[in-house]
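Visitor: Read off the chains here:
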Amino acid sequence: MLTEIANPKIRIEHVSYAYDGEEVLRDVTLDVPANAVTAFFGPAGGGKTTLLRLINRLNDLVEGTHLTGQILLDGQDVYATGTNIARLRRRVGMVFALPLPLPGTVRENVLYGPRLAGERDRSRQEEIVVRSLRQAALWDEVKDRLDGPASALSGGQQQRLCIARSLALEPEVLLLDEPTSGLDPISTAKVEESLLELKQHYTIIIVPHSVQQAARVADHAAFFLMGALIEYQPGKRIFTTPHDKRTEDYVTGRFG
Amino acid sequence: MSKTTPTCWTEFAVEALVRVAGFSAIGFVLLIFLFLLREGVPAFFEIAPGNLFGTRWYPTFDLFGTLPLILGSALITVTAIVIALPLGVATAVFVREVAPGWAREILKPMIEVLAGIPSVVLGFFGMTLIAPLVRQVFGAPTGLTAFTGALILAYMALPTLISVAEDALDAVPRSYRDAALAMGATSWQTIWRVVAPAARSGIVTAVMLGMGRAIGETMAVMMVTGNAARMPVSLDSLFRPVRTMTATIAAEMGEVAAGSTHYHALFGIGIILFVLTFVINLTAASALFQKRRRGGLR
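Protein chains in written order, with the working numbering: chain A, 1 to 256; chain B, 1 to 298.
Looking at chain A on its own, in the form it has when it is part of the complex:
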C-alpha cells in the first residue's frame, strides 16, 4: 500500500482523533500529492470529513476533542504553536456539502474572503471576480447578474459559486466535502469538469458522494472504513484491482 510519496503537499502522520473519548480516526498516515485530485472515500462515519476539517483546523472550536499525530503542509506542522489560523485557512480553502451562499450578491460572495483579508483595490477585486468565476466554470452563466442576489442562482450554480468563493483567496489546497451531494447529474458533471481544470493549479482533496464519482475524478484514492485508512493507491487501480478484501467488497457494491 502506498503511503509515502516524494514532495507531498500534505503529509498526514499517525493521526488519531477522538470526540469525547470516542475514536473517529485511528492512526491514519498518508501523503497527498500536489496538483492532483485525491479522493477520500468509504461508507459514512469513516472519518473522511473529520480528516478534511483537521487539515484546515476547522474543528478547533469543537470542545472535548483529542488529536495526536501530525499534519504537515509543505513540511510545516499546521498545529504548531504560533500558526496563524486565518492565514492557514486562506491557504487551505474548503467547500461544504450544502451550497451555502452568504447573504448578498454574487460579486459580494466571491469577494467575501479577499475583503476579509483586506483587499480594497477595485480593479484587483474585479480581476478576482472574473478569474474565480471562470475557474469554477460559472462565469458564462452569471456574468450578466453579478449584482443579483446569490440566493437566486440554482443549486448547482450556488455550489460552483462556493467553489469560486474559495478560489478567490488563491488557496494552495482545496478541500471539497461531498460538493455534489445536493446536486442533479448535470450540475454534478459541471463541477467535476471544473475539477479537471482546477487541479493544474491546486492540490485538491475531495470526499466524493459515491464510489462512481471517486472513480471518475480521482488521481489518487484512499479508502476509509470506521476511522481507519484501509487502502491507498495512485491512479484508478484501487477501483479495478483493490488489494484489500474490504475495499473490494465496497467498490463492487457488496456493502456501503
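Be a bit skeptical, because a hint or two may be false.
With beta-carbon atoms standing in for the labels, derived distance ranges [stated by the list, open to error]:
1. A/Ala152 / B/Thr10: 50 to 60 Å
2. B/Ser187 / A/Gln76: 34 to 44 Å
3. A/Ser181 / B/Ser187: 38 to 48 Å
4. B/Val98 / A/Gln76: 27 to 37 Å
5. B/Cys8 / A/Pro149: 54 to 64 Å
6. A/Gly104 / B/Ala99: 22 to 32 Å
7. A/Pro149 / B/Leu87: 28 to 38 Å
Keep in mind the hints are simulated off the structure, nothing from the lab.
Heads up, the beta-carbon is just placed ideally off N, CA and C, and yes, glycines get one too.
Since the structure of chain A is provided, determine the placement of chain B on it from the hints.
Guide: Just chain B now, with coordinates in the frame of chain A:
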C-alpha cells in the same frame, strides 16, 4: 386537519376544557379592548381635536393636550433603546459567541432573573441613587429627568433584548460560521460580518420587544421622571422632567370623577398607548414573518 371522534367522555371533557381555555384568552383581550373603547372613545367627541392634540395638559382648566405626554413617552423610550441596543447586542454576542460554556450557564439564568425585579424596586433605586448622580454629573436642576427614566427603562428592556437577540444568534446555522472561518475570517470577523448580519431580523425583533416593554412601563418611570407635562422640544429636554402617557393615567385615575371628560381623556390616552404598542408589536411580528417566508434562516 383530521379530527378524531372522542371515544369516551373524558376525551370530550379534556377537549372542551382546552377549547374553553383557549377561546377565553382571546375573549378577555377582546373584552379589555371593548372596555377601553367604551370609556375612551367619548374623549375624542367631547374634546375638540385642537385641544386633544394640543401642547398643554391641564385637566383642571379643561386643557387636555396629549402631545407633551406622547412626546414624553417617545423621548424616553427612544433614548432607552439607544442606550440598551448596543449594550444588549454586545451582551448577547458575548454570551452566545465568546463566553466559555460554564460562564454561559451562569450568565443566562442571571439575565433572566434581571427581568423579574419589580419595577417599583428599580424606581426606588433610580430615585435614590441614579437621580442624584444625574443631577451632579449633568448639572440638571433636578435629578428627576427624562434621561434618568431612560436609564432605568434601558435597564428594564435589557433582559428581553438580550434573550431574544441571543436566540437569534443561536439560530444562525453552524454552516455559516464554518463557511466564514474556512475563508480565513477571524472569530471577530465571523461574528460581525456573517453571524450578526444573518441574525439581523431577530435582533430587530428583540429591539421591538424591548421597546414595547419600555413604552408600557409605568411605575419606575413615574418615580424618576419628575412628571411635569412640558413639551420636550428644547435641546436640554433630556435633562428636564417629562411626563409619560402611562404615568399620567396612573397618577390621575385615582382622583378623577368616573364619567367626566377628564376620565374619558385618560382612557383616550390608554387607546393611543394601545395603538402604539400594537403597531410596534406588529412591526416585530412582520419582521419575523418575512424572515420565515424568505425561508432563509430558521
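Visitor: Evaluate each hint against the coordinates.
Guide: How the hints compare with the structure:
1. A/Ala152 / B/Thr10: 50 to 60 Å: holds (54 Å)
2. B/Ser187 / A/Gln76: 34 to 44 Å: Taking Cβ atoms as reference, B/Ser187 and A/Gln76 lie about 23 Å apart, which means the hint is violated.
3. A/Ser181 / B/Ser187: 38 to 48 Å: violated (28 Å)
4. B/Val98 / A/Gln76: 27 to 37 Å: holds (29 Å)
5. B/Cys8 / A/Pro149: 54 to 64 Å: holds (56 Å)
6. A/Gly104 / B/Ala99: 22 to 32 Å: Given about 29 Å between the Cβ atoms, the range holds.
7. A/Pro149 / B/Leu87: 28 to 38 Å: holds (33 Å)
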